[in-house]
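Colleague: Residue strings, one per chain:
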Amino acid sequence: DAGITQSPRHKVTETGTPVTLRCHQTENHRYMYWYRQDPGHGLRLIHYSYGVKDTDKGEVSDGYSVSRSKTEDFLLTLESATSSQTSVYFCATGGTRGQPQHFGDGTRLSIL
Amino acid sequence: QKEVEQNSGPLSVPEGAIASLNCTYSDRGSQSFFWYRQYSGKSPELIMFIYSNGDKEDGRFTAQLNKASQYVSLLIRDSQPSDSATYLCAVNMGGFGNEKLTFGTGTRLTIIP
Chain A
15 DAGITQSPRH
25 KVTETGTPVT
35 LRCHQTENHR
45 YMYWYRQDPG
55 HGLRLIHYSY
65 GVKDTDKGEV
75 SDGYSVSRSK
85 TEDFLLTLES
95 ATSSQTSVYF
105 CATGGTRGQP
115 QHFGDGTRLS
125 IL
Chain B
-18 QKEVEQNSGP
-8 LSVPEGAIAS
2 LNCTYSDRGS
12 QSFFWYRQYS
22 GKSPELIMFI
32 YSNGDKEDGR
42 FTAQLNKASQ
52 YVSLLIRDSQ
62 PSDSATYLCA
72 VNMGGFGNEK
82 LTFGTGTRLT
92 IIP
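These protein sequences, in sequence, are chains A and B. Reading the first sequence from the start, the letters are residues 15 to 126 in our numbering. Reading the second sequence from the start, the letters are residues -18 to 94 in our numbering.
Among the hints, a few may not be true.
Derived lysine to any residue pairs resembling SDA-like cross-links, with alpha carbons at most 25 Å apart [what the hints assert, rightly or not]:
#1 LYS25/A x LYS23/B
#2 LYS(-17)/B x ASN42/A
#3 LYS(-17)/B x HIS38/A
#4 LYS81/B x ARG36/A
#5 LYS48/B x GLN113/A
#6 LYS(-17)/B x ASP52/A
#7 LYS37/B x ILE92/B
#8 LYS81/B x GLY30/A
#9 LYS(-17)/B x ARG36/A
#10 LYS23/B x PRO62/B
#11 LYS81/B x VAL74/A
#12 LYS81/B x ASN42/A
#13 LYS81/B x HIS38/A
#14 LYS23/B x PRO114/A
#15 LYS23/B x SER98/A
#16 LYS81/B x SER24/B
#17 LYS81/B x GLY35/B
#18 LYS81/B x LEU46/B
#19 LYS81/B x VAL26/A
#20 LYS(-17)/B x HIS55/A
#21 LYS23/B x LYS48/B
#22 LYS48/B x LYS81/B
#23 LYS25/A x THR100/A
#24 LYS23/B x GLU(-4)/B
#25 LYS81/B x GLU28/A
#26 LYS37/B x GLN(-18)/B
#27 LYS81/B x TYR45/A
#28 LYS(-17)/B x TYR78/A
#29 LYS67/A x PRO114/A
Rather than coming from a laboratory, the hints here were simulated on the basis of the structure.
Same shape as in the complex, but just chain A:
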């Protein structure tokens, strides 16, 4: 158990609404990551954090923002959700100095 909790686990919402996904960790890892996983594309990095209030963009960051006000929590926000953001979202922790990342159970997000 990597001590990662994602919430909600499932969400259905409408285009144009704001959505916030939460990742909570208990292992005090410095690095946290948000990925999306889509058929044919594999896991793609959205944003990551290397400390409280320290974040950076990944390869598919457009339309997403993140915040990290505490070591244990990393939030992913879709300011105005679009159907193209329908996906499975995974949070991960670890990865410092080449160490493995470990994943949460994921959030299945559907935007209608």
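Dock chain B against chain A, hints included.
Modeller: Chain B in isolation, oriented as in the chain A frame:
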């Protein structure tokens, strides 16, 4: 663009045989290499990691790394039906200090009883 390539499969292997999964990567400076297993509808689970050229064994799993050829593989001996899953190769490109992973799209493995 830095890439990780895997054959998407499906790869079908008889129960008890050796399953061989392959991955190539584009960045010669890559330092860390990971194999994750992902069952349908579940999250990726770390199986193996390797940093140095050669083989690394853990139970029925062996990871093989050849940095000169930019190639990493995963061997699964005595394959079991429970090994049926998608296997993701991930590479830390750019070396230590770049704490991001690039993932391949995965190889779907089916073990035939």
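Colleague: Against each hint, give a clear statement of whether it holds in the structure.
Modeller: Checked hints:
1. The hinted pair formed by LYS25/A and LYS23/B meets the criterion: a straight-line CA distance of about 16 Å does not exceed 25 Å.
2. In summary, the hint linking LYS(-17)/B to ASN42/A is not supported, as the alpha carbons are separated by about 30 Å, beyond the 25 Å threshold.
3. Simply put, LYS(-17)/B and HIS38/A have alpha-carbon atoms about 30 Å apart, too far for the 25 Å limit, and the pair is violated.
4. Taking the CA atoms of LYS81/B and ARG36/A, the gap is about 20 Å. The hint holds against a cut of 25 Å.
5. Under the criterion of a C-alpha separation no larger than 25 Å, the hint pairing LYS48/B with GLN113/A is consistent with the structure, at around 18 Å.
6. With a CA separation close to 19 Å, the supplied pair LYS(-17)/B and ASP52/A stays within the 25 Å bound.
7. For the given pair, LYS37/B sits about 23 Å from ILE92/B by alpha-carbon distance, which is consistent with the 25 Å threshold.
8. Annotation: proposed proximity of LYS81/B to GLY30/A is violated, straight-line Cα distance about 30 Å (limit 25 Å).
9. In summary, the hint linking LYS(-17)/B to ARG36/A is not supported, as the alpha carbons are separated by about 29 Å, beyond the 25 Å threshold.
10. With a C-alpha separation of about 17 Å, the suggested pairing of LYS23/B with PRO62/B holds against the 25 Å cut-off.
11. Between LYS81/B and VAL74/A the alpha-carbon distance is near 13 Å, which keeps this suggested pair within the 25 Å criterion.
12. Only pairs whose Cα atoms come within 25 Å are accepted, and LYS81/B paired with ASN42/A is accepted, the gap being roughly 18 Å.
13. For the suggested pair LYS81/B and HIS38/A, the alpha carbons sit about 19 Å apart, so the restraint of at most 25 Å is met.
14. Restraint check for LYS23/B and PRO114/A: satisfied, since their Cα atoms lie roughly 18 Å apart, inside the 25 Å limit.
15. This hinted pair checks out: LYS23/B and SER98/A have alpha carbons roughly 21 Å apart, not beyond 25 Å.
16. The hinted pair formed by LYS81/B and SER24/B meets the criterion: a straight-line CA distance of about 18 Å does not exceed 25 Å.
17. Simply put, LYS81/B and GLY35/B have alpha-carbon atoms about 23 Å apart, close enough for the 25 Å limit, and the pair holds.
18. Among the hinted pairs, LYS81/B with LEU46/B is consistent with the structure: their alpha-carbon atoms are about 19 Å apart, no more than 25 Å.
19. About 29 Å separates the Cα atoms of LYS81/B and VAL26/A, which puts this hinted pair outside 25 Å; it is violated.
20. With a CA separation close to 14 Å, the supplied pair LYS(-17)/B and HIS55/A stays within the 25 Å bound.
21. Taking the CA atoms of LYS23/B and LYS48/B, the gap is about 31 Å. The hint is violated against a cut of 25 Å.
22. Taking the CA atoms of LYS48/B and LYS81/B, the gap is about 19 Å. The hint holds against a cut of 25 Å.
23. Note on LYS25/A and THR100/A: the hinted pairing holds, with a Cα-Cα distance of about 10 Å set against a maximum of 25 Å.
24. For a cut-off of 25 Å, the pair hint linking LYS23/B to GLU(-4)/B stands: about 23 Å separates their Cα positions.
25. Among the hinted pairs, LYS81/B with GLU28/A is inconsistent with the structure: their alpha-carbon atoms are about 32 Å apart, more than 25 Å.
26. With a CA separation close to 29 Å, the supplied pair LYS37/B and GLN(-18)/B exceeds the 25 Å bound.
27. Simply put, LYS81/B and TYR45/A have alpha-carbon atoms about 10 Å apart, close enough for the 25 Å limit, and the pair holds.
28. For the given pair, LYS(-17)/B sits about 22 Å from TYR78/A by alpha-carbon distance, which is consistent with the 25 Å threshold.
29. Restraint check for LYS67/A and PRO114/A: the C-alpha separation of about 23 Å stays at or below 25 Å, so the hint holds.
The structure fails to meet hints 2, 3, 8, 9, 19, 21, 25, 26 from the earlier list, while all remaining hints are met.
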